[in-house]
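S.K.: As a plain string of letters, each chain reads:
Protein chains: 2
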Amino acid sequence: MIQNDFVIHDVKFLKPDGEVDTANIFVTGDKISAITHDDEVTAEKIIDGRNKFATPGFVNAHTHASMTLLRSYSDDKALMDWLQKDIWPIEDKMTRHDIYIGAKLAAVEMIRSGTTAFADMYGPCMDEVAKVVDESGLRGILSQGLIGFADGDKKLASNIDLYKNFHGAADGRITIMFGPHAIYTCPPDYLRKVATEAGKLGAEIHMHMNETQTEIDDCVKNYGKRPFEVVAETGLFDTRTLAAHCVWLSDDEIKIIRDKKIRVAHNPGSNMKLASGICPVTKLLREGVTVALGTDGAASNNNLDMLEEIRLAALLAKVDTLDPLTVPASQALQMATEFGAAAVGLKNVGRLEVGYQADIVLWNMRGVDWQPNYNPASLLVYSANSAAADTVIVDGKILMQNRELKTLDEEKIISEFTACANRLTGK
Amino acid sequence: MIQNDFVIHDVKFLKPDGEVDTANIFVTGDKISAITHDDEVTAEKIIDGRNKFATPGFVNAHTHASMTLLRSYSDDKALMDWLQKDIWPIEDKMTRHDIYIGAKLAAVEMIRSGTTAFADMYGPCMDEVAKVVDESGLRGILSQGLIGFADGDKKLASNIDLYKNFHGAADGRITIMFGPHAIYTCPPDYLRKVATEAGKLGAEIHMHMNETQTEIDDCVKNYGKRPFEVVAETGLFDTRTLAAHCVWLSDDEIKIIRDKKIRVAHNPGSNMKLASGICPVTKLLREGVTVALGTDGAASNNNLDMLEEIRLAALLAKVDTLDPLTVPASQALQMATEFGAAAVGLKNVGRLEVGYQADIVLWNMRGVDWQPNYNPASLLVYSANSAAADTVIVDGKILMQNRELKTLDEEKIISEFTACANRLTGK
Numbered sequence: 001m002i003q004n005d006f007v008i009h010d011v012k013f014l015k016p017d018g019e020v021d022t023a024n025i026f027v028t029g030d031k032i033s034a035i036t037h038d039d040e041v042t043a044e045k046i047i048d049g050r051n052k053f054a055t056p057g058f059v060n061a062h063t064h065a066s067m068t069l070l071r072s073y074s075d076d077k078a079l080m081d082w083l084q085k086d087i088w089p090i091e092d093k094m095t096r097h098d099i100y101i102g103a104k105l106a107a108v109e110m111i112r113s114g115t116t117a118f119a120d121m122y123g124p125c126m127d128e129v130a131k132v133v134d135e136s137g138l139r140g141i142l143s144q145g146l147i148g149f150a151d152g153d154k155k156l157a158s159n160i161d162l163y164k165n166f167h168g169a170a171d172g173r174i175t176i177m178f179g180p181h182a183i184y185t186c187p188p189d190y191l192r193k194v195a196t197e198a199g200k201l202g203a204e205i206h207m208h209m210n211e212t213q214t215e216i217d218d219c220v221k222n223y224g225k226r227p228f229e230v231v232a233e234t235g236l237f238d239t240r241t242l243a244a245h246c247v248w249l250s251d252d253e254i255k256i257i258r259d260k261k262i263r264v265a266h267n268p269g270s271n272m273k274l275a276s277g278i279c280p281v282t283k284l285l286r287e288g289v290t291v292a293l294g295t296d297g298a299a300s301n302n303n304l305d306m307l308e309e310i311r312l313a314a315l316l317a318k319v320d321t322l323d324p325l326t327v328p329a330s331q332a333l334q335m336a337t338e339f340g341a342a343a344v345g346l347k348n349v350g351r352l353e354v355g356y357q358a359d360i361v362l363w364n365m366r367g368v369d370w371q372p373n374y375n376p377a378s379l380l381v382y383s384a385n386s387a388a389a390d391t392v393i394v395d396g397k398i399l400m401q402n403r404e405l406k407t408l409d410e411e412k413i414i415s416e417f418t419a420c421a422n423r424l425t426g427k
Numbered sequence: 001m002i003q004n005d006f007v008i009h010d011v012k013f014l015k016p017d018g019e020v021d022t023a024n025i026f027v028t029g030d031k032i033s034a035i036t037h038d039d040e041v042t043a044e045k046i047i048d049g050r051n052k053f054a055t056p057g058f059v060n061a062h063t064h065a066s067m068t069l070l071r072s073y074s075d076d077k078a079l080m081d082w083l084q085k086d087i088w089p090i091e092d093k094m095t096r097h098d099i100y101i102g103a104k105l106a107a108v109e110m111i112r113s114g115t116t117a118f119a120d121m122y123g124p125c126m127d128e129v130a131k132v133v134d135e136s137g138l139r140g141i142l143s144q145g146l147i148g149f150a151d152g153d154k155k156l157a158s159n160i161d162l163y164k165n166f167h168g169a170a171d172g173r174i175t176i177m178f179g180p181h182a183i184y185t186c187p188p189d190y191l192r193k194v195a196t197e198a199g200k201l202g203a204e205i206h207m208h209m210n211e212t213q214t215e216i217d218d219c220v221k222n223y224g225k226r227p228f229e230v231v232a233e234t235g236l237f238d239t240r241t242l243a244a245h246c247v248w249l250s251d252d253e254i255k256i257i258r259d260k261k262i263r264v265a266h267n268p269g270s271n272m273k274l275a276s277g278i279c280p281v282t283k284l285l286r287e288g289v290t291v292a293l294g295t296d297g298a299a300s301n302n303n304l305d306m307l308e309e310i311r312l313a314a315l316l317a318k319v320d321t322l323d324p325l326t327v328p329a330s331q332a333l334q335m336a337t338e339f340g341a342a343a344v345g346l347k348n349v350g351r352l353e354v355g356y357q358a359d360i361v362l363w364n365m366r367g368v369d370w371q372p373n374y375n376p377a378s379l380l381v382y383s384a385n386s387a388a389a390d391t392v393i394v395d396g397k398i399l400m401q402n403r404e405l406k407t408l409d410e411e412k413i414i415s416e417f418t419a420c421a422n423r424l425t426g427k
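Listed in order, the protein sequences are those of chains G and X.
Each residue of the first sequence is one higher than the one before, counting from 1 in our numbering.
Each residue of the second sequence is one higher than the one before, counting from 1 in our numbering.
Heads up, some of the hints might be wrong.
Any copy, or any two copies together, can satisfy a pair, since identical chains are not distinguished.
Subject to a maximum C-alpha distance of 25 Å in a straight line, what follows is the list of computed SDA-like cross-link-like pairs (lysine to any residue) [claimed, not checked]:
no.: 1; residue 1: Lys193; residue 2: Phe149
no.: 2; residue 1: Lys255; residue 2: Leu201
no.: 3; residue 1: Lys77; residue 2: Glu19
no.: 4; residue 1: Lys406; residue 2: Asn364
no.: 5; residue 1: Lys283; residue 2: Glu19
no.: 6; residue 1: Lys15; residue 2: Ile35
no.: 7; residue 1: Lys154; residue 2: Gly202
no.: 8; residue 1: Lys31; residue 2: Lys45
no.: 9; residue 1: Lys154; residue 2: Leu201
no.: 10; residue 1: Lys77; residue 2: Leu284
no.: 11; residue 1: Lys427; residue 2: Asn364
no.: 12; residue 1: Lys93; residue 2: Asp48
no.: 13; residue 1: Lys85; residue 2: Asp5
no.: 14; residue 1: Lys85; residue 2: Glu19
no.: 15; residue 1: Lys397; residue 2: Asn348
no.: 16; residue 1: Lys45; residue 2: Asn364
no.: 17; residue 1: Lys427; residue 2: Ala23
no.: 18; residue 1: Lys85; residue 2: Thr321
no.: 19; residue 1: Lys283; residue 2: Leu322
no.: 20; residue 1: Lys77; residue 2: Lys283
no.: 21; residue 1: Lys406; residue 2: Asp30
no.: 22; residue 1: Lys85; residue 2: Gln331
Note that these hints are calculated values from the structure, not bench results.
Excised from the complex, chain G in its bound form (with noise of 0.2 Å):
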C-alpha cells in the first residue's frame, strides 16, 4: 500500500505531452507520490475522480490582485482617460488595508477559478498581499511596482526588504521579484541599479514590455532605440526576467527575448479590452519562447478567471494568424500550466507528474457544455466556464472542495471588501 494523504481516484487527468489518461493520483504531504491504474485503491481519504477532470492548478503569470476593487469602476473608456482620470486617484487613495483586502477578495476569485499560483506586481505594502498568500493557501510569486522617479530609490529599498522579509515565506508558497513597472516610468539608470539589487539577491524581474505603440513610439523618440533594445542595454536583462504583454514587438526584440531566455505573459483579454495591440504568440512559441497567460488587473479585465484567457489565447492567435491550426487547446492549457510556472520560476509545479508539487484542479464535468465527454481538454478549453471547477488542491492542501472554500470566509471578505470599494470611490 503506497502511503499517503489522500488519492484522487479513477480520475481523468490531464499529462504533461497534453494527452488524458484514466489513473489514480496519489498525493503525499505537498507532493504528487504516485500516478497508478489500479482499478481499486487503498487509502485513508479518498476523493471520487469520476465525472472530474484533474488539470495541474492554473499560474497566472501577471496581475494586480488589488485591482479588484476597481472593477467596472470604469470602462470603455480611451486609455489616459481610464488610467488618469479614473484608475490613478483612486489608486492614490489606497491604503495598507485596502491592498489587503482587495488581494484578499482577489484570492476568493482565482481559487473558485482553479488558479493555484499568480505573479502580482502593486504595491506598496506587498506584504499585505504576501499575508494574503499565507492565508488563503495559493502560491503567490510577488513584486513591488517601482517607479523610477521622485522616490524611486526608497520604492527599491522596499523590494529589497519585500525580497528579505519574505521569498520563501508561508512553506515556500511566497517568492519574491523585484518590479520595475515600465520602460515609460523607469529611465535607464534606475533599471540599471535594479539589476544590481535584484543580481545581489539572485532575484527575477518582473516588468511591463512594449505594451502599447504609443509606448513604443515615445522611447524611440527619448532614446532611439525600442524599448527591449534600451532595457538589454541596462543589463537587467542579465536577471532572469518575466515580460508581461510584449504586444508589438520588432524582429530584433523577439531574438532579444529569445536570446535572454526571457519568458513572455501574454494577457490577451486586457489588450483586447484596452485596445492595445495583439501578442504574437505563435510567433514567440516557434522560436521556443516560453509564453505564460495572465489576467492583468481586474480594472483592465474585467475578472481573473484563467480559463477566459486560456480560451483567449488560443481563439486570438487563430484569428490573428488565419491559421487554425495555431495554439491548439492542449497548448493552450501548457501556457497556463507548465509554461506558466516556468514564467513565473517556480520549479517542480505545472505538471501532473510523480515528483511535482501537488498543485491540481478537478472540473466537474456534469454540465451539459461537457457534453458528449469524448476530449475534456478541448472542452476545458473550448466550452466549459470556470465554474466548473470543484476542487482546488495547492501543496496537497485542499483549498477548495465541492465549490466549498476551505481556507477563505468568503462573505466576510466580501463585506467588508465592499466597505472599502465604497470609500475608495465615494460610490
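Position chain X relative to chain G; hints supplied.
M.R.: Showing chain X alone in chain G's frame:
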C-alpha cells in the same frame, strides 16, 4: 393594485437606453405589464429581485442546435479537413431522433446560459427542433438548411412545408425562415427559386454569407462578382434577410447590406476558432446596420453561451480597430437583445419595456466576480460568466428559477444524448 401574474420586486434592470435602474417589473400573461418604482408591492406571486440583475433574454441569431452532438469531436483542424473528414460523415448518419435530442440538449444549455430565443438552421427534420421549442418553452426561429444541388427542390419543398406547418406554432414562439445555406452550395438559379417561394409566403431568409476568404475567391472565380453582388441579383435580398458571419466585406457589399436592410449575425467565437477572420462590426454599426450575435454550432464554438459572444464582440472589435471606445458594454448587450430580436424578425422582443414580451433573465450578482457592484451591465459583459443566470422567463413563463429547470429533465436528456452521440461517433 395592478393585475398581474407575478412581479419581480426591487430589481436592478437594463433599460433600453443601456442605463441601469432599480424598479419592480410586473408580468401579466406573456407581457411586461408595468414597471414601477414603489418601495412596496402587493401581488400574489413575488420574485425577490434583490442582488439580481434583470436583462432581456439573449437572442442567439445564428446556430445549428443539433450540432451539440459533435461538440469537441474534432477540434484544432483545418476547415476543410474538419468539415469533410469529420463533421459531414457524422451528419450523414444522423437520424430524426438525433436531431431532436441534439437540439434538446442545446435547449438545456441555452436556458442555463440566459438565451431565450435562437435562430436555427439545420435539417432535415426541423420539425423535431420545432418540437423541442414547443417542449422547452424557448422561442425558435427555424429554417431548413437548403443545398441547391441534387435534391435541392425537394429540400425547398420541405422548407415550404415547415413554414406551413409551424410558422406561428407553440403560441407564436415558433417562426419559420427559409435557409439557403451559402453561395457555394446554392447556385443563383436556385436562390431565385428560394426567393420566389419565400416571397409568396412572406417568409424571411437566413443564409451564411462571406464567412471565409476562400468563399469569396471561389465566388469571384465562378460568377465574376462578390457574394453579396451575386445574391442581390437573384432578388433574394428583397425578402428580408439575416446574413450570418459577414467576415470579408467590400465597401460595395456593405452598401448592399445597408440599402437592402440586411441584418447581420456576427459569430466572433466561431470565426476566431476556425480562423475565418473578423467581421467589421464597427463599420457596420456606423452604417446603421442591425448587427446581432450568434454562437454558430457547438462543433465550431464550442458552446451556445451568448454571454461569451457578447464579451468577444466587445473585445474583438476593440483590438481589431485599436479603438477602446468601440462596442461598449451597453452596445454589446444591445446586439444580443434588441438587435438580436430585430435580426431574427421578432416583434416586441428584446427590451425590458411595458408592452414587450416578458422574455427576461435574472442574473445572480452575489459572486465575487460581481464585486464591487457599481455597474451591473459592465460586470455582466466584462466579468461574470453564464453560471450567474439564475432565472429565465419566456412569454411570462418561468423556464428556470434558482438554476432549476422547470420544463426539461436535464439528467434524462444528457443520458439519451450521450447514447446518440456515442452511436454516431462509434466512441
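S.K.: For each hint, tell me whether it holds in the structure or not.
M.R.: Verification of the hints:
In the homo-oligomer, the alpha carbons of Lys193 and Phe149 lie at most 25 Å apart inside one protomer (13 Å), although the nearest pairing across protomers, at 72 Å, exceeds that limit. Proximity of Lys255 and Leu201 under a CA criterion of 25 Å is satisfied in neither setting, with 27 Å inside one chain copy and 64 Å between copies. Only between protomers do Lys77 and Glu19 lie at most 25 Å apart by alpha-carbon distance; the minimum there is 16 Å, versus 42 Å within a single protomer. Taking CA atoms no more than 25 Å apart as the test, Lys406 paired with Asn364 passes in both settings, with 18 Å inside one copy and 23 Å between copies.
For the identical chains of this complex, Lys283 and Glu19 are intra-copy neighbours only, at 24 Å inside a copy versus 42 Å across copies, given an alpha-carbon limit of 25 Å. Within a single copy, Lys15 and Ile35 get their C-alpha atoms as close as 11 Å, which meets the 25 Å cut-off; across copies the closest is 54 Å, which misses it. For the homomeric pair Lys154 and Gly202, the shortest alpha-carbon distance inside one copy (20 Å) is at most 25 Å, but the shortest distance between copies (75 Å) is not. For a Cα distance limit of 25 Å, the shortest separation of Lys31 from Lys45 inside one copy, 16 Å, qualifies, whereas the shortest one across copies, 54 Å, does not.
Taking identical chains as interchangeable, the C-alpha atoms of Lys154 and Leu201 lie at most 25 Å apart only when both belong to the same chain, with a minimum of 17 Å there against 77 Å between chains. In this assembly of identical chains, Lys77 and Leu284 lie within 25 Å of each other by CA distance solely across copies; the values are 21 Å between and 30 Å within a copy. Taking the shortest Cα distances, Lys427 and Asn364 sit within 25 Å of each other only across copies (21 Å), while inside one copy they are farther apart (38 Å). Taking CA atoms no more than 25 Å apart as the test, Lys93 paired with Asp48 passes in neither setting, with 47 Å inside one copy and 36 Å between copies.
Within a single copy, Lys85 and Asp5 get their C-alpha atoms no closer than 52 Å, and across copies no closer than 47 Å, so neither meets the 25 Å cut-off. For the homomeric pair Lys85 and Glu19, the shortest alpha-carbon distance between copies (22 Å) is at most 25 Å, but the shortest distance inside one copy (48 Å) is not. Within a single copy, Lys397 and Asn348 get their C-alpha atoms as close as 16 Å, which meets the 25 Å cut-off; across copies the closest is 53 Å, which misses it. With identical chains, the CA atoms of Lys45 and Asn364 are at most 25 Å apart within one copy only, with a shortest distance of 19 Å there and 35 Å across copies.
Proximity of Lys427 to Ala23 under the C-alpha cut-off of 25 Å is restricted to the inter-copy arrangement: shortest distance 20 Å between copies versus 51 Å within a copy. For the identical chains of this complex, Lys85 and Thr321 are inter-copy neighbours only, at 23 Å across copies versus 36 Å inside a copy, given an alpha-carbon limit of 25 Å. In this homomeric assembly, Lys283 and Leu322 come within 25 Å of each other (Cα to Cα) both inside a single copy, at 13 Å, and across copies, at 21 Å. Taking the closest pair of Cα atoms, Lys77 and Lys283 come within 25 Å of each other only across two copies (19 Å); inside a single copy the shortest separation is 30 Å, beyond that limit.
In this assembly of identical chains, Lys406 and Asp30 lie within 25 Å of each other by CA distance solely inside one copy; the values are 17 Å within and 44 Å between copies. When the C-alpha separation of Lys85 and Gln331 is checked against a cutoff of 25 Å, the pair qualifies only between copies, where the shortest distance is 23 Å, while the shortest distance within a copy is 39 Å.
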